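First to last, the sequence lines map onto chains A, B, C and D.
Quick note: the first sequence uses the working numbering, first residue 2, plus one each step.
Quick note: the second sequence uses the working numbering, first residue 2, plus one each step.
Quick note: the third sequence uses the working numbering, first residue 2, plus one each step.
Quick note: the fourth sequence uses the working numbering, first residue 2, plus one each step.
If you're looking for bench data, these hints aren't it; they were derived computationally from the structure.
These numbers come from a predicted model, not from an experiment.
Take these hints with a grain of salt, some might be off.
Any copy will do: because identical chains look the same in the list, a pair fits if it lies in one copy or spans two.
Stated by the list, open to error - Capping the alpha-carbon separation at 16 Å, the derived lysine to aspartate or glutamate pairs in EDC-like fashion look like this:
id : residue 1 : residue 2
1  : 336       : 20
2  : 156       : 322
3  : 71        : 217
4  : 157       : 112
There are 4 protein chains.
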Amino acid sequence: MILILRSGATQEQIDHVIEHVEALGFAAHLSQGTHRTIVGIIGDEERLRHAPLKAIAGVADVLPVLPPYKLASREAHPQDSLVDVSGVAVGDGHLAMIAGPCSVEEPDRMDRIAEAVRASGANIFRGGAFKPRTSPYAFQGLGEDGLKILQQVGKKHAMPVVTEVTDPRNVAMVAEYADMLQIGARNMQNFVLLTEVGKSQRPVLLKRGMSATVNDLLMSAEYVLSQGNPRVILCERGVKGFDNATRNLFDVASVALVQQLSHLPIIVDPSHATGRPELIPACARAGLAAGADGVHVEVHDCPEVAKSDGPQALLPAQYDELMGQLRGVAELLNKKLPDSQLSRT
Amino acid sequence: MILILRSGATQEQIDHVIEHVEALGFAAHLSQGTHRTIVGIIGDEERLRHAPLKAIAGVADVLPVLPPYKLASREAHPQDSLVDVSGVAVGDGHLAMIAGPCSVEEPDRMDRIAEAVRASGANIFRGGAFKPRTSPYAFQGLGEDGLKILQQVGKKHAMPVVTEVTDPRNVAMVAEYADMLQIGARNMQNFVLLTEVGKSQRPVLLKRGMSATVNDLLMSAEYVLSQGNPRVILCERGVKGFDNATRNLFDVASVALVQQLSHLPIIVDPSHATGRPELIPACARAGLAAGADGVHVEVHDCPEVAKSDGPQALLPAQYDELMGQLRGVAELLNKKLPDSQLSRT
Amino acid sequence: MILILRSGATQEQIDHVIEHVEALGFAAHLSQGTHRTIVGIIGDEERLRHAPLKAIAGVADVLPVLPPYKLASREAHPQDSLVDVSGVAVGDGHLAMIAGPCSVEEPDRMDRIAEAVRASGANIFRGGAFKPRTSPYAFQGLGEDGLKILQQVGKKHAMPVVTEVTDPRNVAMVAEYADMLQIGARNMQNFVLLTEVGKSQRPVLLKRGMSATVNDLLMSAEYVLSQGNPRVILCERGVKGFDNATRNLFDVASVALVQQLSHLPIIVDPSHATGRPELIPACARAGLAAGADGVHVEVHDCPEVAKSDGPQALLPAQYDELMGQLRGVAELLNKKLPDSQLSRT
Amino acid sequence: MILILRSGATQEQIDHVIEHVEALGFAAHLSQGTHRTIVGIIGDEERLRHAPLKAIAGVADVLPVLPPYKLASREAHPQDSLVDVSGVAVGDGHLAMIAGPCSVEEPDRMDRIAEAVRASGANIFRGGAFKPRTSPYAFQGLGEDGLKILQQVGKKHAMPVVTEVTDPRNVAMVAEYADMLQIGARNMQNFVLLTEVGKSQRPVLLKRGMSATVNDLLMSAEYVLSQGNPRVILCERGVKGFDNATRNLFDVASVALVQQLSHLPIIVDPSHATGRPELIPACARAGLAAGADGVHVEVHDCPEVAKSDGPQALLPAQYDELMGQLRGVAELLNKKLPDSQLSRT
């Protein structure tokens with residue numbers, strides 16, 4: 002930790018700072034420059050991270066030298082993590098190709114969509130049963146009935162399933178049906194929920210919040226990891242931007258940044274990032290080319306009657322064409338997509 | 002609802018749109034311009050709001066003509082709402098002056114701070130017992146013990162108390178101790194939690210999320226209102242901005258915008274909006290001058306040892322000076338601050 | 002300047018850093034913490050500011066300890082600056098109340114508007130003759146003819162005039178007619194133009210760019226100051242935000258932040274900040290209450306036929322009402338507005 | 002153009018709107034919904050685009066149905082444009098691989114860098130002679146001497162050269178030396194400069210402004226096109242974001258969006274978008290995979306002594322490795338990079 006004192010800090014203030022640092026059990030290393038005095042604090046930074054050092058009179062700024070996350074950091078785990086989602090490997094060269102409708106709908110439709118995306122090469126099936134909707138009057142999902150449909154359809158087509166959990170009281174129940182628990186963007190800093198999924202031991206798909214920095218995202222992952230659950234997959238799904246031509250602003254650089262800072266896999270979600278079907282293929286290719294560990298796409302066979310987010314869904318045929326393109330990008334980077342038309346064993 | 006068709010929409014597409022609209026039980030009013038065809042949908046917009054009309058082939062854009070919130074709208078309730086917080090009126094000309102430390106700390110300190118802010122004219126006391134912290138390793142609050150301290154200190158100094166609730170499982174428990182439940186910025190779209198506080202019948206202080214539009218904020222209020230709880234106070238506390246010289250970007254215009262669109266009271270929180278004590282007085286004056294229904298300020302008597310957010314706390318003497326300034330602004334706008342040094346009855 | 006080395010920087014890298022610093026003529030002060038090595042550079046920071054120290058192998062971050070602007074800084078000039086605009090004092094307790102239409106229009110209309118705003122207490126008249134328009138097909142201003150009208154109307158109503166200059170080739174010509182030269186938001190980092198107005202010796206009204214930090218704004222002021230022109234007035238006019246309910250996001254905290262960092266006056270422009278007449282009064286009051294040195298408002302007597310920005314103009318009667326409110330705020334802060342109905346001498 | 006009237010618009014207001022529309026020479030088509038009245042305006046939208054219709058009493062919103070740019074639009078020119086930069090084709094399947102140092106420096110260094118990037122497959126050489134620097138005290142470029150060096154080195158290595166122009170008075174002079182004129186991000190809405198380069202008939206590389214929407218970018222292109230210069234290449238170089246871990250936020254989706262809306266080529270600049278060499282390769286691959294018509298990268302052989310932007314430069318060897326990756330992505334999309342080690346004829 003480095004303290005930068007205000008220009009014009011008095012000797013009395015400097016003395017108080019040093020006294021305060023030493024009282025906390027650290028050594029202070031003074032460096033007096035031409036204009037400013039700097040105090041290096043020698044010792045275990047973690048013990049100091051949450052001390053309000055910036056509130057000490059005369060202190061202008063406090064600079065940590067270590068990242069605030071530990072378990073999520075690349076330093077703690079230099080190798081890429083590989084997360085096992087009920088038999089599907091994700092990370093360290095293995096790609097998660099997640100597809101399915103926004104909401105779980107009626108069983109026949111789910112079956113048709115699952116069959117189609119499986120044939121195109123998807124290896125994880127998605128669908129929301131508990132939907133966080135901006136409006137209290139919008140469709141909120143089928144609940145546990147939806148989970149049953151999702152589980153059944155996933156089993157039939159040999160794909161593990163991922164679904165969103167929004168309520169800490171439901172984590173255990175959702176975990177009975179789902180192979181992976183999704184934390185949505187709006188809940189990325191719902192620390193109560195993060196703590197619960199951290200206890201569940203199910204893999205967690207953690208979506209980046211709309212105004213979360215990469216540091217914030219890794220801190221939220223740290224919540225899950227610190228509960229003893231190491232199976233976290235991150236997801237870039239766009240952040241809030243000023244150009245409303247797209248639903249969000251797809252921050253593709255965050256993929257590379259996360260991979261420098263952390264060992265956790267990170268996938269991209271071009272469906273939510275853009276909100277526009279015609280932009281999804283370009284962003285899916287971009288995400289994979291940037292090095293993402295997978296792609297999450299919403300697919301629906303009749304978007305004009307979808308229960309939610311119909312306008313951003315790809316048709317199965319569009320998804321199939323996209324998967325053809327993605328296969329090429331994956332090979333270029335020496336990553337392999339699951340074969341299409343082949344059953345997972 | 003207005004549908005704008007794509008330029009070059011075919012007659013077949015136009016016919017399908019009209020058919021689709023009529024099948025939903027609405028009348029369609031066609032307007033063919035020089036370049037585009039527009040379809041006005043005649044009927045109850047609410048029933049259509051969540052239909053994926055934009056996913057219909059040939060539809061370029063869907064424009065609602067009514068706001069998506071109902072109970073929160075000015076149309077539904079032309080008069081300003083007045084919220085009663087255990088005897089303190091907020092809204093419709095009555096100001097909420099909320100002050101206290103970020104976290105509930107030991108009883109003696111709480112007592113000293115409460116006495117000071119009460120003397121300066123605060124009428125609601127604050128303190129967090131369940132703290133949503135970015136880091137799992139940071140102080141998470143005193144929990145129920147903190148609530149007891151807060152309640153006791155509030156009673157002693159004749160101020161109702163407000164505290165944050167973060168877990169739907171705790172709402173009933175927190176509501177036993179607190180006069181008002183705070184939903185923090187990170188939980189503004191935690192719809193599960195909003196639903197629970199909507200059922201609680203305690204007044205709710207709903208803080209704006211860091212990337213929430215004013216529309217999003219009012220939709221979250223609608224969640225609470227739609228559960229039958231009409232006592233919602235909104236709070237502007239800064240949104241995410243690109244200039245990290247301040248912690249957030251204080252959106253003072255949102256105060257006036259909310260007051261046009263909604264009848265709900267809205268207060269400002271310059272402590273979180275700026276994160277810098279030296280900017281708090283200017284922003285507090287600005288918020289009140291813009292028409293806010295109150296000001297929320299964090300106050301601590303020894304910021305350098307505060308359990309959380311010490312660096313942004315005002316000292317009691319600074320708060321007292323600020324309250325003198327705010328009294329002048331309030332009078333200018335014909336609003337009245339509680340007298341200082343006087344007990345509430 | 003402080004260099005923070007990468008964790009794991011080798012001894013060879015550390016030696017190279019020190020060598021490099023010493024070769025530049027500075028002393029290096031090494032501080033080896035538990036996890037990181039920090040190098041304090043002792044000497045005149047200005048000489049190092051533009052050296053690419055961050056590109057040296059092993060350097061993770063470079064932290065300046067002084068602000069990058071000098072002439073604009075509060076340190077260089079502890080007293081508030083007072084700018085004389087052809088007899089109207091701005092700054093250090095004196096308020097600039099700037100009003101007028103977006104574009105200069107026909108003489109009769111200009112005369113009517115000037116008379117009205119003068120009667121309400123405006124002390125500087127505005128109007129654009131060279132308009133930076135997003136579209137090449139939109140009205141681009143009356144050019145030099147507009148300047149003549151503006152000058153004449155200003156003289157008749159005893160108000161100095163401010164108008165935008167957009168072309169470095171026109172600075173001398175515009176300066177013949179105008180008492181103050183405006184640099185618009187889109188040109189805030191047009192350094193060629195800043196240099197020209199810096200040479201002109203006319204007061205400069207420098208508007209903040211839509212994505213400029215406060216630091217960027219002060220650096221642009223430094224361009225003008227460094228040419229020998231000390232008469233710069235800054236203007237907060239909103240930055241780009243994610244909520245398109247308002248045209249821009251009015252950053253009222255920047256007023257207080259600028260006043261801490263700099264001695265230059267700063268005014269607010271709620272017309273461009275909000276783009277909505279119904280929000281202008283609240284934001285004007287907020288800006289003044291935050292401590293701004295003046296308010297800039299667009300006024301037009303028939304917005305529905307205005308040549309530009311009609312939808313955001315206040316009517317003269319609305320401006321008059323606003324000025325009544327602002328007079329109250331000004332008095333509260335011991336600042337004085339020019340009397341209405343009285344001629345300036 | 003569609004006018005949406007306020008709910009509660011009076012019959013008198015509706016009549017005035019229709020009268021106003023008809024007085025402008027258009028037909029009005031009234032559509033009265035359950036809650037709102039909508040007025041469709043039939044006729045040539047261009048003639049109405051700049052009329053302040055939103056300022057008419059009773060009008061809540063004005064919705065154009067056509068994009069505000071014409072020459073830049075895909076409708077006006079359904080085929081991709083191909084821009085000839087002194088023999089190098091850009092667009093319609095041909096990639097611009099632009100590389101070189103941020104600033105033009107001494108001839109020997111320029112020669113070494115040009116030789117290296119040419120060998121790696123670059124086909125256009127870059128270097129700034131007039132640098133728009135945030136600080137007036139920073140290196141401002143070598144001026145005309147720099148242009149001479151750039152031209153000479155480009156010729157020697159058979160690459161056309163691109164360089165930034167910042168002053169409308171210099172356009173003709175810069176155009177004598179440069180094969181393509183660059184408009185930097187800070188000047189994207191410097192309409193005076195856009196008009197001058199529009200007259201010059203040199204190809205123009207137009208970089209997106211830091212807070213420009215895609216619509217703004219296309220409007221700035223329209224300025225150039227409307228002067229009779231059809232040779233515009235757009236460049237996505239990152240927009241302002243809230244996460245300062247990267248210099249800007251690389252908006253890769255804008256590539257696909259521009260290609261839908263416009264026929265103009267668009268390239269990406271991952272150097273400025275990220276400001277971090279370690280993220281440049283991932284973003285370069287992402288941009289090309291999204292469909293960009295080229296990649297612009299800053300390369301320097303000794304970043305720690307570079308005159309500007311050293312910390313974000315790639316070394317020649319890093320650039321060479323990146324070009325190997327980009328060749329694979331280009332082939333995947335059936336686009337072809339120039340061969341490395343081969344002279345252009």
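These are the hints, each one checked on the structure:
1. 336 with 20: neither (55 Å within a copy, 44 Å between copies)
2. 156 with 322: neither (25 Å within a copy, 44 Å between copies)
3. 71 with 217: Within one copy only: 13 Å inside, 34 Å across.
4. 157 with 112: Within one copy only: 8 Å inside, 63 Å across.
Hint violations for this structure: numbers 1, 2, all remaining hints satisfied.
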